[in-house]
Amino acid sequence: MTAQTEQESQLPARERGELLVERVLETQTIWGLMGADGWVMVDSDTQTCLPVWPDEASVAFWQRKDLPDSKPQAIALDEFTGTWLPGLKKNQIGLVLFPSGNLREGIVTSADELLLQLTDDDE
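The numbering used here numbers the first residue of the sequence shown as 1 and each following residue consecutively.
Just to be clear, a hint being listed does not mean it is correct.
Said to hold, decoys possible - FRET-style restraints, in silico, Cβ to Cβ:
{"id": "1", "residue 1": "Thr48", "residue 2": "Leu116", "range": "18 to 24 Å"}
{"id": "2", "residue 1": "Pro86", "residue 2": "Arg14", "range": "23 to 29 Å"}
{"id": "3", "residue 1": "Glu26", "residue 2": "Thr46", "range": "29 to 35 Å"}
Quick caveat, the hints were computed from the structure, so don't treat them as lab data. We put the CB at the ideal spot given by N, CA and C, even for glycine.
With the hints as constraints, model all of the structure from the sequences given.
Structure follows, in structure tokens:
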């Protein structure tokens, strides 16, 4: 883990969310956490969510001790926007952007909102 990754993991949730979008657009890759029984999901106050990160190192700042067999897994951006996001929307699964730390907090967003952010490159 680099000092930069550690510093980024300590940013406020909104800034980590913005960083995730920026980094994913740069690298064309988004990261999830694969557990023994499939992709790791978390429950927010209102829905089940898929946590996602901008890179493999960032996952380590959230990785849970109760999931010792889980491993960071890369997903190509085109596959994520073309297959994953429509499937998450259909199944009413939200996304947690770059959760970090003991509280495991991050911005919760919808598949539609993240798709807009990842396909709007006019910024």
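Against the structure, the hints:
1. Thr48 <-> Leu116: 18 to 24 Å: holds (21 Å)
2. Pro86 <-> Arg14: 23 to 29 Å: Since Pro86 and Arg14 have Cβ atoms about 26 Å apart, the given range 23 to 29 Å holds.
3. Glu26 <-> Thr46: 29 to 35 Å: Given range 29 to 35 Å: holds, Cβ gap about 31 Å.
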